[in-house]
Amino acid sequence: MDEVEQTNVEQNDVLDVGYTDVPGTMLTDSNAIADFLKKTKIQDVLNWGRKNSLWFMVNAMGCCGVELLATGMAHYDTDRFGIIPRNSPRHADVLIISGYVTKKYLPALKRVWDQMPAPKWVICFGDCAISGGPFYESYSTHQNVDDIFPVDVFVPGCPPRCEALIQGFVELQKKIEAKKDKGTDY
Amino acid sequence: MDANSIISSLTGKFPEDIYDAEIESDIRTIAKVKPENVVEVCRYLKEDLSFGHLCCEFGVDYPDRNEIEVIYVIGSYEHPVILTMKALLPRDNPEIESVVPVYWNANWYERETYELFGVKYLNHPDLKPLVLPEEMLGEWPLRKDYAGFPNKTARNLV
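Protein chains in written order, with the numbering used here: chain F, 106 to 291; chain D, 3 to 160.
This is chain D alone, in the form it adopts within the complex (with noise of 0.2 Å):
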């Protein structure tokens, strides 16, 4: 399959749910979803567009548009696509239904999106600080608007 009847299968089966939908290139395909549906996109890309490879998943903030971006970077072992899915939060009250009975290993990652973005994940198995100690939840470091960090600089530097 290349890209043109990937996007074509994905918007002809979820006409509502992939809003917006951009062939960058041959191998590089972009879709917005709902964040209502993501795991029914993501079940059908697994089982019936042979997409088993959920390479990562982050947050992107965008402050002035009040959102935050919710990323899948899905690839493929059978074709030589990438899809990058972006699901788009509200920054308020960011949640978003987790997709991990699909794809196992998007467990750390939405732990660490958790922890650093502050979306929150509905039905994780697991939803708890990966890295960072558990002290520092509800800061959420990586947002552009974080003002924690340490104001005074290392005395030894100067």
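The following block holds chain F by itself, in its conformation from the complex (with noise of 0.2 Å):
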């Protein structure tokens, strides 16, 4: 009797409690089953539900980002994409970067990008943020925003216009659904 009671002390450890024994069950704390989906045709349709409810962060970091605010708005109806601006980085799936990196603002937009959940994808908008624009010597911003984030999509233009933000919309879209963006690790 004493025999039998250890063992089922140390089959209530918490460490050692396990599904292995059950047939056709995992653990969901780990990454076992999206590891599996990835290889499957599953992932396919998870990427077509992503890549048709890309929500961005409004997060306006210089004149670009009037074009960016511009492009939430009604006229350009943006909802028929899937594209709706949020106003929480915890409700965002995209991160775009509509400015000068200063040095002063790198901190704050690293703790945004930090917030949003995972899956999340970034678009450069904007000559600033691509090359740095006209303040590419300055002595206060950042040079090569994509050593630090992984850009997907770069929109050129000072500012681009709403239309050219939606085509990169469209172009992050089909990254998505060829598998090779850099939002997800495949």
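Quick caveat, the hints were computed from the structure, so don't treat them as lab data.
Errors might be hidden in some of the hints.
Straight line, CA to CA, 25 Å or less: simulated SDA-like cross-link-like pairs of lysine to any residue [claimed, not checked]:
#1 F:K208 <-> D:D147
#2 F:K208 <-> D:K34
#3 D:K34 <-> D:F60
#4 D:K34 <-> D:P65
With the hints as a guide, dock the two chains, each given alone in a separate frame, to form the complex.
Structure representation (structure tokens):
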């Protein structure tokens, strides 16, 4: 009887709780399910859902931010692509870097990026975010933002029109569908 | 009051502190002031000559003369004359009295001049960087000999 009780105590240890003896089940606190699904056709269905609900973070950083705000307004009706502006980074999927990144603003932008739940994507919007633009040799701006963030789409222009941003979203949708985006690990 | 009477009143009140005065036109005057007594001159300008509006305050770097100029542009609502007052400071240790007790809006102007040129304002209520991050303090990026510009061109520009 003593031996049986001791084995029961060991099986009730928190670290040892597992369902490996139950066939056909996996633990949900590991990446095993996600890693398994990435190899199957179900990932295509997931990507179809993701690419049609790209909610972007309203983070107007410069004069391109005006175009960013105008894109989310009713005139362009981005709901037909599933693109909705969100005011909280916790709801957002896409971070749009819409201006020059100064040395003082970079920590705040990194914090916004860290608060967004994965999978998440980055769009560089405008010449300032791509290359620095007129401020490319300034003492207070960061060069080469794509070293810091995994940028998927660059939208050039000074500032780009709203249609260009929608085109950038469409290109991002194509990349997600082709599984070539940087926001998800394949 | 016109420009002539303002300059004569100013040089008559401070014959030693205002060591150079000039009338550019009917509405623009220039005066060079010694940096020790800039607060007294500003108080006289505001209270007696009704120069109540400090339009801006900034610095100019002159490496050849080894000087930094602090320039006050002071306007008035009473008469159509703008006074440009200059104070010349040594470049290796620029220090000047703060004019915040007279013109309260000089607060942020002086903080910006401090972070960009390194002009230290004595008795300033809150002398800390205005726009630049704290770790850039001491680089003085608007001086002519500043060398901290990014030396590598942005890669995507090429």
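Quick rundown of the hints versus the structure:
1. For the hint linking K208 (chain F) to D147 (chain D), the alpha-carbon distance of about 21 Å falls within 25 Å, and the restraint holds.
2. About 37 Å separates the Cα atoms of K208 (chain F) and K34 (chain D), which puts this hinted pair outside 25 Å; it is violated.
3. Taking the CA atoms of K34 (chain D) and F60 (chain D), the gap is about 15 Å. The hint holds against a cut of 25 Å.
4. Between K34 (chain D) and P65 (chain D), the direct Cα distance comes to roughly 19 Å. Compliance with the 25 Å bound is thereby established for this hinted pair.
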